[in-house]
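Participant: Sequence:
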Amino acid sequence: METWFVIVVTLCISFFLKSLFNLISPNSKSNQKNKKLPPGPYTFPVIGSLLWARRSFADLEPILRNLKAKYGPLISLNIGSRTAIFVSSHSLAYQALVQQGAVFSDRPRAVPTSAVVNSNQRNISSAPYGPVWRLLRRNLTSEILHPSRVKSYSKARSWVLGILLQQLLHARADYSIRLIDHFQYAMFCLLVLMCFGDKLEEAQIKQIEGVQRRLLLGFRRFNILNFFPRIGKIIFRNRWKELIELRQEQEKIFIPLIEARSSKAKEQKPEEEVVAYVDTLLNLELPEENRNLNYGEMVSLCSEFLSAGTDTTSTALQWVMANLVKNPSIQEKLYQEIASVVGEKQSKLTEEVVKEEDLHKMPYLKAVILEGLRRHPPGHFVLPHTVTKEVELNGYVVPKNATINFMVADMGLDPKVWEDPLEFKPERFLMEESDKEGFDITGSREIKMMPFGAGRRVCPGYALAMLHLEYFVANLVWHFRWEAVEGDDVDLSEKLEFTVVMKNPLRARICPRVNSV
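At position 52 of the sequence shown (counting the first as 1) the number is 52 in my numbering, and the numbers step up by one without a gap.
Hints were generated in silico from the structure; no laboratory data involved. Where a beta carbon is used, it is the ideal one built from N, C-alpha and C, also for glycine. Please note that a few of the clues may not be correct.
[To be verified] Across the chosen pairs, the derived CB separations fall in these ranges: (1) 423 - 463: 26 to 34 Å; (2) 339 - 36: 55 to 63 Å; (3) 130 - 360: 35 to 43 Å; (4) 109 - 36: 24 to 32 Å; (5) 146 - 264: 16 to 24 Å; (6) 355 - 224: 45 to 53 Å; (7) 400 - 485: 51 to 59 Å; (8) 462 - 489: 26 to 34 Å; (9) 146 - 219: 46 to 54 Å; (10) 169 - 505: 14 to 22 Å; (11) 446 - 128: 25 to 33 Å; (12) 112 - 63: 24 to 32 Å; (13) 489 - 39: 34 to 42 Å.
[Claimed, not checked] Computed cross-link-like contacts, DSS-like style, restricted to lysine-lysine with a CA-CA straight-line distance of at most 27 Å: (14) 68 - 326; (15) 448 - 495; (16) 264 - 241; (17) 266 - 155.
Build out the structure end to end from the sequences listed, making use of the hints.
Facilitator: Okay, structure coming up:
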């Protein structure tokens, strides 16, 4: 303990002296005139940075809201060695991400812990704005997320829906059901199939789910390794060892699945076999390096694919269902819309499931999903951006190495944009018949909320996520009536894990509506 204290004190003194020298140096960048950063609280060199850096975004959020009330929608803080800028205004977000999209589309350099799991920024979400990012994103959007390819996975979605409905029926005997566990498993079944191309055994799926969850949930603990990383690896060597071992376990699980798919690719494929994400990675050649992806990089891309498609969707699904349990009248209105569409196709309502091709006939369903994403976005911040060059935003300078963070949750709760923002009102998304385009979830015309980000870095899978949410919510409401457990009120308190989840996971009673399940 004494050694640790001496090291920290020595580092603080050293960095204080360096910061003091920078402040009084005539060539100091901080003394350059006419370069006005966004407003923010004064941070004492090093000590202040330490205080900010040890906080997670969940800890920062209430502080940022207080600072927003004092300084406005654009705030700067010194966190670690970087200037961090926080944007809470939808109009400023539009200026940055859409109107100046090319400049604001870069990513900060990966911190050491992130570099371990993203193969030194060799995945779509973390890659710098450039040829590698374009290649990886284009591969995903054209090979997996193209509408024709998404349609080819419809049987997989039907298969997973059957698994989920059966699990819920079996769990119904327990009087109340903890829904998130079933939602997460169902989404892993689907995304593992899309990623690796095979219906794996339950034990294998649980194994993949387990290592993914431990990596995601462990990142808050591993974050301390990023502050003075060389020293951190010594002081917290057991924690660093834990991260490396988790990554090795992930590779041990994923690489045999990749190798199996590689062997199958050399054989003649049946025409009806769907293309898996791994298939598209095997022959992908990195620009400027003239080589294919190595196994570690493919593991990172598969991990990103699974995390992006499972955790966020299952979290959003739970929030939507929680609000439907809390608001029975909204649930009933949604059920009546579904019944009117399904009932048009047959007289026996007891044997039908909601088909994907019918979802576009259900505007209230889409409104419920959009309201869930507005009120409870799975991420309260999009992944940090940085700028390719120094730029001006709202009269302030954004330095080249600054980290820019967009406050997604605050935009969805802005009373200047949303009437009664704390209320769950799907009707706000019901468009007039004359409005052919509907609500723009991507923010390309105007940003009112941005649960999937916006601009060039908008989540490439937003349309797939909307399809999954609409398909599963429609069928869950069609097959079951959802009720609060007697004596319990649905608690909408939040808690940060990898996504912002329910602090007390939803438990509900379900009553079958139709005989087919």
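Participant: Take the hints in turn and mark each one as holding or not.
Facilitator: Structure-based check of all given hints:
A C-beta distance of roughly 27 Å is found between residue 423 and residue 463, which places it inside the suggested range of 26 to 34 Å. For residue 339 and residue 36, the hinted distance range of 55 to 63 Å is satisfied, since their beta carbons lie about 59 Å from each other. At about 37 Å, the CB distance of residue 130 to residue 360 agrees with the hint of 35 to 43 Å. The hinted window of 24 to 32 Å between residue 109 and residue 36 holds, with their beta carbons roughly 25 Å apart.
Roughly 22 Å separates the CB atoms of residue 146 and residue 264, a value that falls within the hinted 16 to 24 Å. At roughly 49 Å, the beta carbons of residue 355 and residue 224 sit within the given window of 45 to 53 Å. Taken as a hint, the range 51 to 59 Å holds for the pair residue 400 and residue 485, whose Cβ atoms sit roughly 53 Å apart. Checking the proposed 26 to 34 Å range against residue 462 and residue 489 shows it holds: the Cβ atoms sit about 32 Å from each other.
In this structure the hint that residue 146 and residue 219 lie 46 to 54 Å apart at CB is violated, the actual value being about 31 Å. With their beta carbons about 20 Å apart, residue 169 and residue 505 fall inside the hinted range of 14 to 22 Å. A hinted range of 25 to 33 Å for the beta carbons of residue 446 and residue 128 is consistent with their spacing of about 28 Å. Judged by the Cβ atoms, the range 24 to 32 Å given for residue 112 and residue 63 holds: they are separated by roughly 26 Å.
A beta carbon spacing of about 40 Å between residue 489 and residue 39 agrees with the range 34 to 42 Å that was offered as a hint. A threshold of 27 Å between alpha carbons decides the hint, and for residue 68 with residue 326 the separation of about 31 Å lies outside it, so the pair is violated. Restraint check: the Cα-Cα separation between residue 448 and residue 495 comes to about 24 Å, which is no more than 27 Å; the hinted pair holds. For a cut-off of 27 Å, the pair hint linking residue 264 to residue 241 is broken: about 35 Å separates their Cα positions.
Of the pairs offered as hints, the one joining residue 266 and residue 155 holds, with about 25 Å between alpha carbons and a cut-off of 27 Å not exceeded.
The structure fails hints 9, 14, 16 (numbered hints given earlier, in ascending order).
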